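Q: Since the structure of chain W is already known, use the hints to place chain V on it.
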Amino acid sequence: MLPPQLSALLLLALPSAVRAVFQDEVGHIDYHYELLGVPQQETTFFHRPRRDEKASLLYTLSDVGVLGAVNPKTGVVLWRQLLNGSITEGGGFARAGEGENWVASALGKSVHAWDAVNGRNKFWTDFDGEVKDLEIMEMTENERKDVLVLFDEDKTHSTVLRRLSGDDGRVVWEFKDVTKDIPLQVSNNVEKVFVISLWGTPAAYNLKVTVLDTLTGKRVDELVIGTKGDVHGKEDVMFVGANSAAPIVAWTDAAHKHLRVNVLGTKTRQEFMLPDDTVSIEIHAPHLVQSQPHFLVHSKTATGNRADVYHVDLKTNVITKAYDLPLLAGPGAFSTSSSGANVYFARVTEEELILVSSASHGVLKRWPLKIEAGKGSAVHGVSEVVKKDGPGAEDSFAIRSAIVTNSDEWLLVRNGEVSWTRPEGMTGAVAAAFAEIPESEELAKSLEQEAHSNPLEAYIHRVKRHIHDLQHLPAYLNSIPTRLLSSVLGTDVTSTEGELVRDSFGFHKLAIIATRRGMVYGLDVANSGKILWNTRAFDLNGGRWNVTAAHVNDTSGQIAFRGSNGDFVVLKTDTGEVSYWNPPGPEVLAQSAAIVDHDELGTLSLPVRLDGKIGDLQQPGVVPRNTIVTRNPQGGLNGIVFTADGDVARESIAWEFSLPKGQHIANIATRPSHDVVASIGRVLGDRTVKYKYLNPNTIVVAATDDDASTLRVYLLDTVSGQILSVAKHEGVDAEKPIECAMAENWFVCTFFGQYTFQDDSAQSIKGYQMVVSDLYESDEANDRGPLGDAPNSSSLGPIDNPLGVVLPSVVSKSFILGAPISALQVTQTRQGISSRQVLAYLPGTHGIVGIPRILLEPRRPAGRDPTPAEMEEGLIKYSPAIEFDPKSIVTHERDVIGVQKIITSPAIVESTSLVLAYGIDVFGTRVAPSFLFDILGKGFNKVTLIGTVLAITAGVVGLGPMVRSKQINMRWQAPM
Amino acid sequence: MQLSLLALFAGALLPLGLSTAAAAAATEVPQTSVTFRIPATQHLQNLHTLPASTHATLSTFHKTLSAPLSTSNTFVFRNVTAGSYLVDFHCATHMFAPLRLDVSPPVDDHGGKAPKLVLKAWETFRGNDWDNKGEAVPLRDDVFDARLLGAKSYFMERSKFNVLSILKNPMILLGLVSMAIFIGMPYLVDNMDPEMRAEWDERQKTNPMNGIMGAASGQGGANPVGNFDVAAFLAGSSKKSDNASATSSATLEAASTPSGGKGKGKKR
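The listed protein sequences correspond, in order, to chains W and V.
Residue 255 in UniProt numbering is what sits at position 255 of the first sequence, and the numbering runs on without skipping anything.
Residue 207 in UniProt numbering is what sits at position 207 of the second sequence, and the numbering runs on without skipping anything.
Treat the hints as calculated values from the structure; they're not laboratory data.
Being a predicted model, the structure only gives us computed values, none of them experimental.
C-beta atoms are modelled at their ideal positions from N, C-alpha and C, and glycine is treated no differently.
Among the hints, a few may not be true.
Said to hold, decoys possible - With a straight-line Cα cutoff of 25 angstroms, these simulated SDA-like cross-link-like pairs (lysine to any residue) come out:
| no. | chain 1 | residue 1 | chain 2 | residue 2 |
| --- | --- | --- | --- | --- |
| 1 | V | Lys116 | W | Lys530 |
| 2 | W | Lys938 | W | Gln900 |
| 3 | W | Lys155 | V | Thr32 |
| 4 | W | Lys877 | V | Gly134 |
| 5 | W | Lys530 | W | Phe505 |
| 6 | W | Lys877 | V | Asp129 |
| 7 | W | Lys887 | V | Gly150 |
| 8 | W | Lys109 | V | Leu117 |
| 9 | V | Lys120 | W | Thr756 |
| 10 | W | Lys887 | V | Leu117 |
As the list claims (entries may be wrong) - Computed footprint of chain V on chain W, listed as stretches where at least three residues anywhere in the stretch have a Cβ under 8 angstroms from a Cβ of chain V:
| no. | segment |
| --- | --- |
| 11 | 119-129 |
| 12 | 428-437 |
| 13 | 729-740 |
| 14 | 858-871 |
So that you can see chain W by itself, here it is in the shape it has in the complex (with noise of 0.2 angstroms):
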């Protein structure tokens, strides 16, 4: 074994054949979006992060479960933090106290405080129960602002408050009530600290009022609300003015007619009507203790919405009516917004932003509202006003409310004007897929046309069409110059913005993306990926889309997305129309998408169903040729064959595949849709060469055992359903990732691994790690294997030979990995040339690496150094661990967090892979394992090159004269 410190200086030296990113290709080559997710409207606020400035800045939680800053004058992220480490389905809670320098989150069983201005980290505890509200308590006997934390224990069936020091997140009190009760929310004012619950059966809820002490956390009283059976859920309470000076609790019978409210710590109910036909409500109140007790209840119909406005008297707690705004046609959304004790309203509808004080309903102030069409309409805000005093009575106010849309954008409107837009719907994406820019549709129909009719009528047709290609001629001779100025400077080729047209590297290609929330985008990969639409295939109203496939038909220029819920949406791929559309259904239908070849179409995607079956196909001309590997419901494979019979293609169950008991599958890696190989062996140091095994019909299985800690890969013929190879790891944790990938002939998987080694040395390894198989076709070198030459070999009926079947020779090395890593994929280029690299996803630096070949190469010699024909061979010395050379961080310094999944596409230029990653982050990018061989980079110094010929030439007409003239004169001098 190497010393330590040798094995990573070699380490450290190792990479440096890998490629980095040059300062000067960032942006040019690469794109990200840096998301948030969706702002959650009780999550999201505005704060002042510095006690004694004004600049405040705009906090929100979102759905996907980051937490983040964004500076609301130009809307770039100052600092983000993904909560739990894996995205959410929403919910959390986040506050900030005012005048405080720190943010509280919790989400899960965890409590966060954060740094208002850096995101750094103030303290954070976990706790066993689940947190189901979170408040600040602004008045404490102490300067301090503390926090309140409700937690529902479920293991004790308690509900527990616990009072958290504002300063270190210590404990101050806790208070503890064993019952049965839903634990809702918790709520506080000067002097009391509320606890509401539900208690009763869920027929009919009352809701249950605990009032504590704030010093101390015991129980001062306890008051039951009857809510004559309204209430059948948490979700039908509504919860409002947390921290105001008279806090409330609201709730609506189930028909909306009526809206009943308490003041805390009474024990009266207040009932108020509600207009006709609402069909929701929500209710916005202000934050602060030193704000009117002034709240506003938004009530929508299915056309409009309008809103009525409520004082609390803080003496009597009796609840009136102050006034009301009246019903607007169209969506609409409401916020609140408080300095001192005034209270504003912000009214945002599909025309207007209107601004109304909570006293009198006069209009403050009204802006034109101008959202560009395709970023919907506003859906939930948050506003920030600020009134200056003007001369005498003219007050001015400036509004800023951040907006979301009912198209998943997130919008900050300044005084009716759009000051920016985040596209923060992208995050959550579940499918992802590269497409070609479709061909314009005249040329492959009139080139279809010339092939179809006799040769002379072909010609006059393209002479004909040639000579009315030649209008484009003058734009095309008055693009030269800026298109020669551009390649010279080295700027991007400015004659394709604007429009979609294919270049000659295969770079400019369209990614779409569809997320969960039911939207899909098209970006534009060479134009530092910008959004070109983006459309909402369905409204799921809160449910998640389940995308089994996403599938690119280039020829007809549409992607089709097949859900597991029965739905199917076929989109253009260059403008987002929706060409066809079936809804999804309330149940889950499917389990993933099978993509088979058809006649005319050229492939097709099949639905298969839970059961692992897909069915006979009734369409004609549709019988799939390949295996399709399904999951079967007994948690193992079925290949799945069908058979043509008349215009019914019938299924049969191949084979099947079953583990052993305890077994389970943890994750299957297929081949790459493209996956080209460029040479069927490996020539050796010694000339002689290796001859890989490509079977495209293989798969590889990772089934963990959880009682046992052990991690078998499979390597399966999918014909057959023979298993080709086995491989048994020990020590294998479950729970952590466990990832494979496979190309051409060899497969990666890594996993957590901590076990002994079984030779004598007694030596054990814990860590992350990667296993790399090679597969070859025999041993030996200049071998074949038993098959030799034979041109054709089935799977099936292999048997000529005593042997069985041919299994392939594997060669197997495992690396310590320096972080774990996960979304594994391999590039792809065209032909299969340029070597190829794993790409990878490092949760810990939420960077993605891309980890060369060369180095996870079986055959590399284990402690000896490599012979003179091995280092021919491009042969490292083996040394067990990999760190990861920042060189080799194809994101470099960017942070992309919440990478879900990579995809990769060739390029038409050999040494290029196009990358894309999603999840949270979108991030695109180009990787060149081989380096870029067949193009010129940016480092090809054009102005240099120009300026080196320039210089030679005005050399040369310089000197030329002189050179002759000297020649002439010593022709004419006598000799010495």
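A: Quick look at chain V alone, frame taken from chain W:
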């Protein structure tokens, strides 16, 4: 191993009669809190430049804990149970050495107090035996210090076109010098005083080559060594023809630096 130790704990506590506490201890695994700190070092003086995404993880079998970087440049892990952990620091701008953290129960536990877990940390080396521990990291004020390995540099430097770098090339320098001589010599000859010019012309007649080099080496005088005929000397003969000796001396002079040409040349 771990399990059995924990069972021992519960067993040790039960006879003490603290039924409720023991019950709690039996169900609740003893936990402790671990703090790591990034110290200010020469290479990382301003710790505020570390990004907020910096965090540390403790990983072991069936357990992963993560702690974000705090405002006081620490990573605080609470609820850490006994075990041997791999500690990784994930930072976008800097690299830190991985550590091994062992959280183990105390050897002897007397008294009815809840047992306090013992913390020990070492540097660890990836790809090596887990028991191959490096230097122990001392626990100072209940805090372990992380060791900075260096800053990360993500970008490759593009080699730029630079005139100076071309001039640094010795071949180019040689060429430039000889070019200067070639161009400058006629002017030098023109500016010579008539007496010297005559002398120079005289020599030029006998040996054009020597003249050229002599002009370069100073005032047109040949180095005294220049008259030494190496070829002849090596051949063991005395002076041969004028031509041969001149050629070889010229070669020698070309090899020597042009600085030694102050002395007036001897007339042959």
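Q: Next step is simple, just say for each hint if it's right about the structure.
A: Consistency of the hints with the structure:
{"no.": "1", "hint": "V/Lys116 - W/Lys530", "result": "violated (56 angstroms)"}
{"no.": "2", "hint": "W/Lys938 - W/Gln900", "result": "violated (31 angstroms)"}
{"no.": "3", "hint": "W/Lys155 - V/Thr32", "result": "holds (21 angstroms)"}
{"no.": "4", "hint": "W/Lys877 - V/Gly134", "result": "holds (24 angstroms)"}
{"no.": "5", "hint": "W/Lys530 - W/Phe505", "result": "holds (19 angstroms)"}
{"no.": "6", "hint": "W/Lys877 - V/Asp129", "result": "holds (19 angstroms)"}
{"no.": "7", "hint": "W/Lys887 - V/Gly150", "result": "holds (14 angstroms)"}
{"no.": "8", "hint": "W/Lys109 - V/Leu117", "result": "holds (24 angstroms)"}
{"no.": "9", "hint": "V/Lys120 - W/Thr756", "result": "holds (22 angstroms)"}
{"no.": "10", "hint": "W/Lys887 - V/Leu117", "result": "violated (41 angstroms)"}
{"no.": "11", "hint": "119-129", "result": "holds (count 8)"}
{"no.": "12", "hint": "428-437", "result": "violated (count 0)"}
{"no.": "13", "hint": "729-740", "result": "holds (count 4)"}
{"no.": "14", "hint": "858-871", "result": "violated (count 0)"}
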